[in-house]
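**Student:** Each chain is listed here by its residues.
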Amino acid sequence: MNRTALTGSAHRRRTVRKLTNAVALSLSGLATAIGLFFLGAILWTLLKSGLSGISLSLFTEMTPPAGSDGGLLNAIYGSAVMTIIGILIGAPVGLLAGTYLAEYGRESRLSVVIRFVNDILLSAPSIVIGMFVSVVLVVHMRHFSAIAGAVALAVIAMPVMVRTPARSPCSRK
Amino acid sequence: MNTVAAIEPRHTAGQRARESVFRGATLVAAILVLGLLGGVILTLILGAWPVFSHFGLKFLTREVWNPVTDQYGALAPIYGTLVTSVLAMVFAIPVSIGIAVFLTELAPPWMKRPVGVAIELLAAVPSIIFGIWGLFVVAPVFQQHVQPFLIRWLGPLPVMGKLFQGPPFGIGVLTASFVLALMVVPFISAVVRDVFETVPDVLKESAYGLGATTWEVIWKIVIPHTRTGVVGGVMLGLGRALGETMAVTFVIGNAHRLTASLLAPGTTIAASIANEYTEAVGDLYTSALVGLGSILFLITFSVIAAARFMLLRLERRALSSV
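Note that the protein sequences, when read in sequence, are chains C and U. To convert, note that position 86 of the first sequence is 86 in my numbering; the numbers rise steadily by one, no gaps. To convert, note that position 59 of the second sequence is 59 in my numbering; the numbers rise steadily by one, no gaps.
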C-alpha cells in the first residue's frame, strides 16, 4: 500500500518535471521565433515599401524639392565621403593604439587603464560623441561640415579598431 | 658560444631606430585614446557649467522645460530614459535568455549557425530603420490593437491601472520601449550565449547522469554557474538602451512631460538632444542640453563600468577553475 502511494507521488513528480521541461523549452523556442519574426517583419517592410523607390535616378540625381522627381545622390555621396574621411582619420590611430596594447603594453598598468577607457568610449552614447565634436569643431569653425561629421565618425569607429588587434590569438598569452 | 651568438637577434642601427619610432607612434596613439575620453569629459563639464550654476542641483529635479522663458529642468528626460530602458529590459531579458538557451542547448547542429546569424543580423539593422519601422508599422498596430486592449483591461485596475490610462496615441513610452527591446535582444543574447558556452561539459553531463531534465540542467547548473556573466550581458544591453537615440526619437512623441501612463508621449535625454541641439539658441539653452548629455554619460558610464567589472570577475573565475 505504502509502496504504491510512494510510486504514485514519485510518478506525479516525474510528470510535473517533464511538463515543466517541455513548457520551458517551448518558451525558449518561442523566444527565438519572436526574434526571427521581427527580423523578417523589418526586412519585409523595407523591401515592400523600399523596392519600388529604387531606380537608376535614385543614384544619379540630387534630392528634389518636394513634389518633383529626383534621387538621393547628395545623401549617398555625403555618406560615402564622410565614412571614407572618418576611417582615414580613425584607422591609423585606432590600429596603432591597438597594436600598442597587444604588442608593447600588454598587461602593464597603462594598458589596463587604456583598455578600460576604450571600453567606455566604445559604449558611450553616440549623441554624446556628437555633442563633443560639435562643441569642439562646429562651434569653432562656425558652421557644420563634412569634416566635423567625419571626425565624429572617427571617434565612434576608433574604439572598435583599438579592441580588434588585442583579440587576435597570437597576442593571447 | 658561436652558435648561441648566431641565434640571438642582431638588429642593425636602422632596425632599432625604426622599431623605436614605431613603438613611440603606437604609444602616442594609445595615449590619444586616454586624451579623447578626457576631452569628452572636460567638454561636457565646461558645457554644462552654466546651467548647473544657474539652477544648481535643482536642474535635476525640475520638470519644467521652456526655452521661451529660459527655464530648464531635466526630470522628464531622465525619467523617460530610465523608464523606457528598464521596460525594454523587462521585455528583452526573457526573450534573450530564451534565444541563448535555444541556441546552446536545444537547436540541432544544422540550425545553430543560420539562426544565430539571423539573430545577429538584427543587431546590424541601423537604428534609424528601427525608428522608421517603429513609426510606420509598430505605432499603428499599437494604436489600433494593443493599446485599446491595455486601456480596456488593465486601465481600470487599482494602482497598476495608472500605467495604462489615456487615449491610445500609438507613439509613446511603451512603443519606444518595445522598439528598444528588439534592438538590444541580439546584444544580450550574444553575450549570454557566449557565457553559457563557458560552462564545463562535465558539470552538465553529471547533472544529466543523475537524471536531470534539460530545463533542470539550465536552471540549476548553467544559469547559477554563469550568473555574473548573464548580469554583465544584461547591463551591456541596458547601456545601449539608455543611449539609443534615433529609434527612440521617432516613436516616443518628444513631450517634455511627466506622466504616469506608459501610453502617453514622453521624451528621453538622447531624444531631447537630437531634437533640440541644432536649434538651440541662447547659451543657457545649449548648456541645458549639454547638461542633459553629461547626465546621460554619467548614467551609461556607471552601467558599463559595472558590466565590465562583472564580466571580468567571471573571466577570472573561469581561468582559476580550469
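Possibly wrong hints are sitting among the right ones.
To be verified - Keeping only pairs whose Cα atoms sit at most 27 Å apart, straight-line, the calculated DSSO-like set for lysine-lysine is:
#1 C:LYS18 - U:LYS204
#2 U:LYS204 - U:LYS220
#3 C:LYS18 - U:LYS112
#4 U:LYS112 - U:LYS204
#5 C:LYS18 - U:LYS220
#6 U:LYS112 - U:LYS220
Stated by the list, open to error - Now the stretches of chain U that chain C is said to cover, found in silico as 3 or more residues with beta-carbon under 8 Å:
#7 50 to 58
#8 122 to 131
#9 192 to 198
#10 234 to 248
Treat the hints as calculated values from the structure; they're not laboratory data. Positions of the beta carbon are idealized from the N, C-alpha and C atoms, including for glycine.
**Student:** Next step is simple, just say for each hint if it's right about the structure.
**Tutor:** Status of each hint after checking the structure:
1. C:LYS18 - U:LYS204: holds (18 Å)
2. U:LYS204 - U:LYS220: holds (10 Å)
3. C:LYS18 - U:LYS112: Holds, because 24 Å separates the two Cα atoms, which is no more than 27 Å.
4. U:LYS112 - U:LYS204: holds (19 Å)
5. C:LYS18 - U:LYS220: holds (15 Å)
6. U:LYS112 - U:LYS220: holds (23 Å)
7. 50 to 58: Check failed, 0 qualifying residues.
8. 122 to 131: holds (count 4)
9. 192 to 198: violated (count 0)
10. 234 to 248: With 7 residues closer than 8 Å to chain C, the segment 234 to 248 of chain U meets the three-residue bar; holds.
Violated hints, listed in ascending order, are 7 and 9; each of the other numbered hints is respected by the structure.
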